[in-house]
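Visitor: Could you put together the complete structure from these sequences and hints?
Just so we're aligned, residue 1 is where the sequence shown starts under full-length UniProt numbering, counting upward by one.
Don't read these hints as lab results, they were simulated from the structure. Don't take every hint at face value.
Lysine-lysine pairs mimicking DSSO-like chemistry, simulated, CA-CA at most 27 Å apart [what the hints assert, rightly or not]:
#1 Lys-21 with Lys-204
#2 Lys-249 with Lys-237
#3 Lys-313 with Lys-273
#4 Lys-220 with Lys-181
#5 Lys-273 with Lys-237
#6 Lys-168 with Lys-249
Keep in mind it's a predicted model, so treat the numbers as computed, not measured.
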Amino acid sequence: MKETFEIIYTVLTGSASAEEKERFEGLMEEEENRQLFNQIQKIWEESKAVRSYKKYDARRSFQELTRKIQEKKRRRKQQLWIGFSGVAAGLALMLGISNFLGISEGNQNPGNVIFATQLGNRSVIYLPDSSRVWLNSSSSLQYSGDFNKKNRTVRLKGEGYFEVAHSKKPFVVNVGPFNIKVYGTHFNVSAYQNDLFIKTCLAKGKISIQRTGYDEYMVKPGELITYDKADASFSKKNVDPDEYSGWRKNLMYMHNESLENLSRKLERRYNVKISFEPEKLGEEVHYTGTFSNENIEEVLDAISIASGLQFSKKDNLYTITRNNQKQHKSFND
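Guide: Below, the structure written as structure tokens:
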């Protein structure tokens, strides 16, 4: 158990070596380890603000949690899991967390399991059937407590990349207006509430789009299926799937994308606010390009040079306007 925690610690802190990453993948083949990782990951995400304090010792907290869980290991399996919930809640309190997701003695609800990411954060979830889901910023995944007993149904809000384990039990992703039925595959779904479209891109394998009153549509690898919320219509085109799941590797691809759509992605990725003056500017200007590890101001500088715009900043708000001068001025000017 101690070694398991050490591996989890290196993965969460981003310090894992290639060998440790390989051992981590092996650990995640066991359902008990997947549950353990998911619970600790929740604490880790919730404690980010606390970890910024100089006096906070993350490794010491992990060691304390390891010791307590090893003590609980002597009990029956059911008692261990209940005990772990208490230990996790205790660690959450030690970290200064008042709203730890779903773990407290008074809030043990086996009905639904919900994982969520905050603005500017991403996460990897290991499901009980060994499937993996990458959640993008400001996204959530929900499934019932009986997941993988008769079927495998999840509800996605926001964006997720799925690597679904093969099984005879159907795997279904609900995104609101329609369902995506999975046959063991890799695919990306973007279904943010404030976006105009829901986009599903298949990397490999096989999925289908299911909508009440309509025939099931089988999606081929490399196809992008776009659902228009305004008129409830579908369209398809062939694309490079890597461009639609690039966010997992911190990549953003834009092809003639309106600044309004791009601004939503930047707001979620960098946890900032972006406005336009005049407001119609967001739809009038389009941008094509790729970003990787740039910070928000480097991204905005690149867009301004290409599009003849300028930006101003006040607190956490960036305002985009037309640049009436001949030469763009960056934030550092």
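Visitor: Evaluate each hint against the coordinates.
Guide: Now for the hints, and whether the structure bears them out:
1. Lys-21 with Lys-204: holds, 24 Å
2. Lys-249 with Lys-237: holds, 24 Å
3. Lys-313 with Lys-273: The hint holds at about 10 Å.
4. Lys-220 with Lys-181: Distance ~13 Å between Lys-220 and Lys-181 Cα, so the pair holds.
5. Lys-273 with Lys-237: Outside the cut-off at roughly 31 Å; violated.
6. Lys-168 with Lys-249: Between Lys-168 and Lys-249 the Cα gap is close to 31 Å, so the pair fails against 27 Å, i.e. violated.
In this structure, the earlier hints numbered 5, 6 are contradicted, and the remaining ones agree with it.
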